[in-house]
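Going line by line, the protein sequences match chains A and B.
Be aware that the first sequence starts at 1, since it is given in this note's numbering, and climbs by one per residue.
Be aware that the second sequence starts at 1, since it is given in this note's numbering, and climbs by one per residue.
Just so you know, these hints were derived from the structure itself, not from any lab.
Wrong hints could be hidden among the right ones.
Each pair of labels, with its calculated beta carbon distance range [to be verified]:
id, chain 1, residue 1, chain 2, residue 2, range
1, A, LEU252, B, PRO194, 41 to 47 Å
2, B, ARG290, A, ILE167, 43 to 49 Å
3, A, LYS65, B, ASN91, 51 to 57 Å
4, B, GLU129, A, GLN64, 57 to 63 Å
5, A, LEU252, B, GLU9, 34 to 40 Å
6, A, GLU129, B, SER206, 25 to 31 Å
7, B, SER206, A, SER159, 43 to 49 Å
8, B, THR225, A, LYS163, 57 to 63 Å
9, B, GLU129, A, LEU252, 32 to 38 Å
10, A, ASP62, B, LEU201, 56 to 62 Å
A virtual CB, placed ideally from N, CA and C, is assigned to each residue, including glycine.
Given next are the chains, with one letter for each unit.
There are 2 protein chains.
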Amino acid sequence: MEILEVYRERVNSYLEDYLNSISPDNSYQSKLKNIMKYSVLAGGKRFRPILTYTVANLFSIDIQKVDSSACAIELIHIYSLIHDDLPAMDNDDIRHNQPSSHKVYGEAQAILAGDGLQALAFEVISSDELIDSVTKVKLLNLLSLSAFKMAEGQSIDLSIASKEVDIELLNNLHKKKTGSLLNCSVMFGAILNPTISKKDLSILDSFSNHIGLAYQVQDDVLDVTTSEEILGKRPNSDSVNNKPSYPSILGLDESVKKYESLYREALDEISFLSIDEKPLTDLTVKLMKRSF
Amino acid sequence: MEILEVYRERVNSYLEDYLNSISPDNSYQSKLKNIMKYSVLAGGKRFRPILTYTVANLFSIDIQKVDSSACAIELIHIYSLIHDDLPAMDNDDIRHNQPSSHKVYGEAQAILAGDGLQALAFEVISSDELIDSVTKVKLLNLLSLSAFKMAEGQSIDLSIASKEVDIELLNNLHKKKTGSLLNCSVMFGAILNPTISKKDLSILDSFSNHIGLAYQVQDDVLDVTTSEEILGKRPNSDSVNNKPSYPSILGLDESVKKYESLYREALDEISFLSIDEKPLTDLTVKLMKRSF
C-alpha cells in the first residue's frame, strides 16, 4: 500500500475509535456523536493529517505519538467545513458526495456538531498520554491560534463578497482561512520532535506558508475547471457566492502559473532541510498535480 | 468594594486587554475581533469567573495565576450564548439588554464570533506564562471536555422540544448543558492548587455538581417569574420554544424547593473542606438569593 494510503487509513481508524470513545452510547446522549461521525467519517483527502504524519516521519517520530495531532487537525478541518456549508455562510448542500450535515440534521445540530468537534480537537491532544506536557502545550497553543485565524479568515472572506479586492487582501485572507491550518499541520510534525533545529523549524514554517497559499489558489482554479462529481461538492461556488477568487482577479492561466511557482518555491526550500526530505517532496509534487 | 465586584472588574479588564492583544487593528482583520468584543464586553454576571477566583482564593493561589482560567471560562460561556441565541437555535434577539450578536452582525459573523471565542479560550490558557505545563494540560483537558459536554447538552435540549420528558432526562441534560461549565469553573480553582488533597477535590467536584443543577432549576424559575428588563433577555423563553423545564414538569413551588435544597446540600458539603470555606459559602448564599 502506498504510504499516503497508510496514513489515510490510520487517521480514519483513529478518528472513528476516538469518536466512539468519547461519549456513552444511549439514545439521547449519542445523538451529537452520530452527527459528528456523519461528517468526520464521510471521507475526504485527509491531506492535513497526511502532512503531519509525513513531516513527523522525516524526523523518525514514533507514529503513535503523531496520531492525536493528526486527528486534532482533521477535527478542526471538518468542523470548519460543517460551519462553512451552513445556509448563513456558503450555503452548500453537498460535501464529500453526500448531503451536508445541516441538510440531514438541521442547522442547529450542524452548528453544535461543529462546536463539539472544535472542543474535541483540544481534548484529543490534551488527553494523549504518549506526549509530554511541554510538547502538548506547544501543540495546543498552535492549534488554538490556527483555529482562531481560520475563523478570522472566513469572516473576512464573507465580508468581501461582491466587493472589489486586490490580490494582497486575497493573499492575506487565505493565509488565515486556509494557510493557518496547513501551517499547523506541518508544524505539528516539527513540534513533535523536541530536538528539531531552529533552521529546520524555520524552513518548514516557510514551506507550509507557500504550500498553504498554493493549495488555495489551486482550489480556486479547480473550483472553476472541475465537475461536481469529482469535486464532491458544488463547483463554481466562488462565482455563485460572488466571492473574489484568484481566477476572477488574475485570470485562469496566471492563477495556474502562480500556484505552480509557489509549489516550486516550497520544494526548493525543503531541499535545505538537515534530513532527507524526499517523502515531503513526493507529497508536495503529488499535491501540485492533484485534480480535486 | 465588595470582593465579587473586584473579581468582576478584574475579569472584565483582563478580557478586554486579551481581546485587544490577539489581532492587529486594521480594517478587515479587526472585524471579527470587534464582533467578539461586542458580546464579551456587553456585561453579564461573570458568575463563572467569580467562582474560579473564589475557589482559587480559598487556597491562596496568586490571583495573577487565575486570570487566564477565569477568562477562558467566560469566553466559552459567551461563545455558547452567541450560538444559543441564533435563529436556528433559541432565536433570541436580546441578550444582556442589547441586540444579540446575529441581530447586529448577521448570522454568519455571529457563528464565526462564537467559533473564534472557543478557539481563544484554549489560547489564553495555553499561552499563560505564569502556569506550569502540567497544570495547563489539566486545565485545557477539563475545559475541552466541559465545552464538548455543553454542546452535547444543548443538542439534547433542542431535540426534546415539544416532547414529554421525565425529570431524569432533564437532570441529565442540564448536568451537561449548564453543569459541565460550572463544574469546570470550580475545578479550575482547585486544579490551580497543585497540592490540593483528594478529599478537597472530591468535595469541590460534588459541590459544583449540586450548584450546577441548582443554578439551572433556578434559571428556569426566574425565566417564568422575572421581567425582561431585569433578565436582560426575553422571559418565558422555555415555553415560547416548547422546551420542557423544571416548572413545567415539577410546578413552580416544587422547583423553588428543589433548587433551595440543592444549594443547601452544596453548602453542607463545603463545610467539610480542609480550609476556611466562608468566601465560597457567602457566594453560594448570594447565588441562592439571586433575582436574575
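Hint compliance check: list the failing hint numbers for this structure, sorted ascending.
1, 2, 3, 4, 5, 8, 9, 10
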